[in-house]
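Trainee: Below are the chains, spelled out letter by letter.
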Amino acid sequence: MGLWHLNTVAPCMSYIDQGSCVPPPGPALWGPLGLTYNGQLITCPKHYRQSTNSVANFFYEPGNDRIIAHIVLNTTYWPSWDVQRYEFNAEDGAWSNREEAMARQAWIGIWGAAYTQKATMGSFNKIYACRNNETKIREVMWEYAEPATNGWWVDPYTWNPKSIYGYAVVNRIDNLLAAAANWTLDCWRNIGATPERFAQLRLPNVLNYLAYESRNYCWVITQDGVICKADYQIPRWEMMSTVQNPEADALKYFITYDTKRKRVVVFRQRPDAADGACQHQLEFYYPMVSAGQLTQPVPVTSLRAGNRILLAAHLVGDAGEGVTPYTVEGEMLEPVDGRLVTPFSGTELNGRVCFQYQAPEEACTETLKLKVTVEES
Amino acid sequence: MYEKIFESTKLAQPVVAGDSWQHLCYVSTWDAFLSQSGGEWARVFRDGARVKFGKPSGSYAMLGRVKGFPAYWSQWTFKVHPAFEINGLPNPNEVLNPNWNIGYSLGPSSSSGKFIDDVNQVYLHQPSANRIDIHSLEDGRKVGEIVHNAGEYFAAIAWVQPGQVAGLCRTSGKVRIMDYLSSPRVLATGRLDPFKVAGYDSAFHLFFAIGTDYKARVYCREAWPAVLSAPVFDPPTVRGLKGNLVKTRLTGQDGEPCPGWWVHWELADAGGGLRGSLDNYVTKTDTAGWAKSRYFGPDDNQPGSGKIKARVVLS
Numbered sequence: 582m583g584l585w586h587l588n589t590v591a592p593c594m595s596y597i598d599q600g601s602c603v604p605p606p607g608p609a610l611w612g613p614l615g616l617t618y619n620g621q622l623i624t625c626p627k628h629y630r631q632s633t634n635s636v637a638n639f640f641y642e643p644g645n646d647r648i649i650a651h652i653v654l655n656t657t658y659w660p661s662w663d664v665q666r667y668e669f670n671a672e673d674g675a676w677s678n679r680e681e682a683m684a685r686q687a688w689i690g691i692w693g694a695a696y697t698q699k700a701t702m703g704s705f706n707k708i709y710a711c712r713n714n715e716t717k718i719r720e721v722m723w724e725y726a727e728p729a730t731n732g733w734w735v736d737p738y739t740w741n742p743k744s745i746y747g748y749a750v751v752n753r754i755d756n757l758l759a760a761a762a763n764w765t766l767d768c769w770r771n772i773g774a775t776p777e778r779f780a781q782l783r784l785p786n787v788l789n790y791l792a793y794e795s796r797n798y799c800w801v802i803t804q805d806g807v808i809c810k811a812d813y814q815i816p817r818w819e820m821m822s823t824v825q826n827p828e829a830d831a832l833k834y835f836i837t838y839d840t841k842r843k844r845v846v847v848f849r850q851r852p853d854a855a856d857g858a859c860q861h862q863l864e865f866y867y868p869m870v871s872a873g874q875l876t877q878p879v880p881v882t883s884l885r886a887g888n889r890i891l892l893a894a895h896l897v898g899d900a901g902e903g904v905t906p907y908t909v910e911g912e913m914l915e916p917v918d919g920r921l922v923t924p925f926s927g928t929e930l931n932g933r934v935c936f937q938y939q940a941p942e943e944a945c946t947e948t949l950k951l952k953v954t955v956e957e958s
Numbered sequence: 295m296y297e298k299i300f301e302s303t304k305l306a307q308p309v310v311a312g313d314s315w316q317h318l319c320y321v322s323t324w325d326a327f328l329s330q331s332g333g334e335w336a337r338v339f340r341d342g343a344r345v346k347f348g349k350p351s352g353s354y355a356m357l358g359r360v361k362g363f364p365a366y367w368s369q370w371t372f373k374v375h376p377a378f379e380i381n382g383l384p385n386p387n388e389v390l391n392p393n394w395n396i397g398y399s400l401g402p403s404s405s406s407g408k409f410i411d412d413v414n415q416v417y418l419h420q421p422s423a424n425r426i427d428i429h430s431l432e433d434g435r436k437v438g439e440i441v442h443n444a445g446e447y448f449a450a451i452a453w454v455q456p457g458q459v460a461g462l463c464r465t466s467g468k469v470r471i472m473d474y475l476s477s478p479r480v481l482a483t484g485r486l487d488p489f490k491v492a493g494y495d496s497a498f499h500l501f502f503a504i505g506t507d508y509k510a511r512v513y514c515r516e517a518w519p520a521v522l523s524a525p526v527f528d529p530p531t532v533r534g535l536k537g538n539l540v541k542t543r544l545t546g547q548d549g550e551p552c553p554g555w556w557v558h559w560e561l562a563d564a565g566g567g568l569r570g571s572l573d574n575y576v577t578k579t580d581t582a583g584w585a586k587s588r589y590f591g592p593d594d595n596q597p598g599s600g601k602i603k604a605r606v607v608l609s
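Heads up: the protein sequence lines correspond to chains X and E, in order. Under the numbering used here, think of the first position of the first sequence as 582, with each following residue one higher. Under the numbering used here, think of the first position of the second sequence as 295, with each following residue one higher.
Because the hints were derived from the structure by calculation, they are not lab data. Hints may be right or wrong, so weigh each one.
One side only, chain X facing chain E, incomplete, derived with CB under 10 Å [unchecked claim]:
no., residue
1, LEU616
2, MET821
3, ALA855
4, THR882
Derived CB-CB ranges, DEER-like [stated by the list, open to error]:
no., chain 1, residue 1, chain 2, residue 2, range
5, X, THR954, E, THR465, 39 to 47 Å
6, E, VAL389, X, ALA729, 35 to 43 Å
7, E, GLY397, X, PRO660, 55 to 63 Å
8, X, ALA886, E, ASN574, 12 to 20 Å
9, X, ARG889, E, ASP573, 24 to 32 Å
10, X, GLN874, E, VAL389, 30 to 38 Å
11, E, LYS601, X, THR905, 57 to 65 Å
12, E, GLY397, X, SER795, 36 to 44 Å
13, X, GLN937, E, GLY445, 20 to 28 Å
14, X, GLN874, E, SER430, 43 to 51 Å
15, E, GLN547, X, VAL917, 32 to 40 Å
16, X, GLN621, E, GLY397, 53 to 61 Å
17, E, GLY397, X, PRO906, 46 to 54 Å
In this text, a Cβ means the ideal position worked out from N, Cα and C, and glycines have one as well.
Could you put together the complete structure from these sequences and hints?
Mentor: This is how it looks when you write it as structure tokens:
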């Protein structure tokens with residue numbers, strides 16, 4: 582299984598436009614415009630009053646059926662930073678609270694974003710997050726990322742072994758917690774009574790974000806855009822894929838799972854454009870097969886005149902995962918001396934296709950061309 | 295030298311300059327190879343296509359495992375862990391050697407490959423460049439050895455089939471197919487081109503190597519002919535009116551037999567015209583690399599000389 586790219590909204594949001602810029606070296610802190618912070622944001626050719634400092638939280642909020650991002654901004658206005666909540670329509674990624682955010686009315690307060698990070702949805706459609714100022718994992722409010730009043734919490738630092746996490750998915754129904762600090766996903770059970778770390782999953786790279794799907798599954802995205810699905814109850818890896826077109830300039834990736842539409846949403850944090858415009862994008866993926874490349878056919882039997890020769894190739898996704906079911910067609914290019922016994926072959930679970938070729942009794946050079954048709958969504 | 299059946303134009307090179315491949319293992323469920331460098335996990339296909347999917351961590355060193363899967367030795371715990379099928383990453387939740395810790399001196403490295411058979415509870419270790427010791431996984435005692443005299447440590451010991459492994463030497467390219475279970479010994483020898491990393495494809499019984507030039511190469515397990523010996527009579531005395539056995543042997547670069555090749559026989563003029571005849575003018579080499587025919591001398595009862603040529607068409 583891979584990830585089928587549905588659509589991308591790029592850019593998915595924008596900054597407040599200053600409408601003008603100041604030639605280098607930029608505005609003075611005190612100038613005709615008044616007090617100006619982060620003058621580089623409006624130094625020509627840049628002309629926006631905001632820029633992204635960090636993405637604190639990114640999650641699907643089922644109550645409002647929206648994708649939420651809490652973003653810490655650098656600003657030209659007082660006090661030089663801002664924290665806004667950006668809300669996106671989960672159906673198409675449209676920016677739902679554009680007017681509110683552009684008017685700086687989606688302010689969530691500094692403490693939510695500073696102390697609560699990597700929030701994700703969990704059991705009972707609540708939002709849970711690890712905290713920066715304490716070792717607890719708490720239920721938080723989706724609007725402000727502040728701890729919910731009388732909300733649920735656990736403190737893994739009091740468990741054995743003592744643990745402090747940066748990312749967590751909470752399954753209160755089964756008393757399970759899957760959490761990571763960096764390279765390892767720790768799986769805990771019986772978290773309501775005597776917690777026990779019953780298993781660990783090694784991550785393929787530095788973790789960038791963790792997202793809850795269900796009582797069994799969670800999703801991880803690494804710093805290079807590799808996406809893995811894990812069953813944290815067994816535990817084991819269930820699939821591996823990657824974002825489409827992982828670009829070198831992507832700063833970070835964030836992932837969440839839309840439990841209503843059963844699909845993955847990725848927020849790609851990208852650097853600002855030359856004029857300072859926001860370039861972040863939302864990407865929607867459906868967990869199903871998605872062909873990325875067809876490898877060259879390679880003979881796997883001895884090349885002898887008169888022999889029946891087997892050739893193997895693979896149809897794989899962007900992370901090298903096999904994709905099926907597809908039919909790959911083979912065609913001998915002129916001049917043809919032998920005979921292609923298998924004109925088409927269906928992909929196996931690992932994406933392999935095999936072709937048989939009957940070589941002539943004389944020495945020759947042949948070219949086999951493979952072709953596969955992939956339907957676009 | 296094994297027959298090279300494919301050489302890629304793509305270069306299977308780690309993304310980061312200066313990084314180098316350390317281990318490679320065929321993963322049967324992928325039908326592709328898992329390659330590990332200092333900073334990269336990658337899936338490598340036979341045509342040299344390479345897909346990076348992660349970065350190694352946790353000081354796990356890869357070693358060969360029965361059934362064509364990788365396993366990982368942890369230098370911190372001295373335990374060997376299996377790999378997840380989906381992404382080939384170490385599964386720290388399972389231990390293949392619960393009763394015996396495999397210490398530093400016995401653990402795998404990028405220059406000296408090791409092998410674990412958790413089904414038959416044995417571990418293969420290289421104490422020298424010429425020998426493999428077989429240890430019991432139950433208590434670590436040595437239960438056997440294989441003297442292979444390759445003169446170089448095997449960079450990888452890869453699973454071939456139940457009870458058999460292939461040892462692969464990085465610099466010389468020497469290969470030893472060995473039985474480690476029923477009667478420990480070398481079963482067959484061969485050679486590849488020098489490589490960075492190599493493994494054994496247990497699905498199609500091929501060798502796969504990423505060369506020093508980062509090209510992917512695929513070799514089948516048949517020796518590529520290098521020498522066709524001069525035809526000789528057996529017995530050496532040739533008699534007229536009799537079928538005299540004449541034979542020639544086709545061998546590889548290291549003297550390994552080349553079975554199944556067609557040898558073309560030909561009578562040539564040695565000064566007195568063509569004399570006599572051959573029973574078969576095309577014969578196939580047997581398992582030892584010998585091709586045989588019979589020569590019938592002329593019936594004129596006159597002494598003379600003749601010449602028999604043998605040749606093999608390689609391509």
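Trainee: Next, verify each hint and record whether it holds.
Mentor: We went through each hint and held it up to the structure:
Violation of the interface hint for LEU616 (chain X) is found here, the shortest Cβ-Cβ separation to chain E being roughly 44 Å, above the 10 Å cut-off. Taking 10 Å as the C-beta contact cut-off toward chain E, the hint placing MET821 (chain X) at the interface holds, the least distance being around 5 Å. For ALA855 (chain X), the suggested interface contact is broken, since its CB lies about 27 Å from the closest CB of chain E, more than 10 Å. The beta carbon of THR882 (chain X) is positioned within 10 Å of a beta carbon in chain E (closest approach about 7 Å), and the interface hint is therefore held.
In this structure the hint that THR954 (chain X) and THR465 (chain E) lie 39 to 47 Å apart at CB holds, the actual value being about 46 Å. Between VAL389 (chain E) and ALA729 (chain X) the beta carbons are some 41 Å apart, a value that agrees with the proposed interval 35 to 43 Å. Separation of GLY397 (chain E) from PRO660 (chain X) is about 58 Å and conforms to the stated range, judged on CB atoms against 55 to 63 Å. In this structure the supplied range 12 to 20 Å holds for ALA886 (chain X) paired with ASN574 (chain E), their Cβ-Cβ distance being about 19 Å.
Checked against the hint of 24 to 32 Å, the pair ARG889 (chain X) and ASP573 (chain E) passes, with Cβ atoms roughly 29 Å apart. Judged by the Cβ atoms, the range 30 to 38 Å given for GLN874 (chain X) and VAL389 (chain E) holds: they are separated by roughly 37 Å. At about 60 Å, the beta-carbon gap between LYS601 (chain E) and THR905 (chain X) stays in the expected band of 57 to 65 Å. Against the hinted window of 36 to 44 Å, the Cβ-Cβ separation of GLY397 (chain E) and SER795 (chain X) comes to about 43 Å, which satisfies the hint.
Range check, GLN937 (chain X) to GLY445 (chain E): about 40 Å between beta-carbon atoms, so the 20 to 28 Å window is missed. Distance hint check for GLN874 (chain X) and SER430 (chain E): the Cβ-Cβ separation is about 45 Å, which falls inside the suggested range of 43 to 51 Å. The supplied range of 32 to 40 Å is met by GLN547 (chain E) and VAL917 (chain X), whose beta-carbon atoms lie about 33 Å from each other. For GLN621 (chain X) and GLY397 (chain E), the hinted distance range of 53 to 61 Å is satisfied, since their beta carbons lie about 56 Å from each other.
In this structure the hint that GLY397 (chain E) and PRO906 (chain X) lie 46 to 54 Å apart at CB holds, the actual value being about 48 Å.
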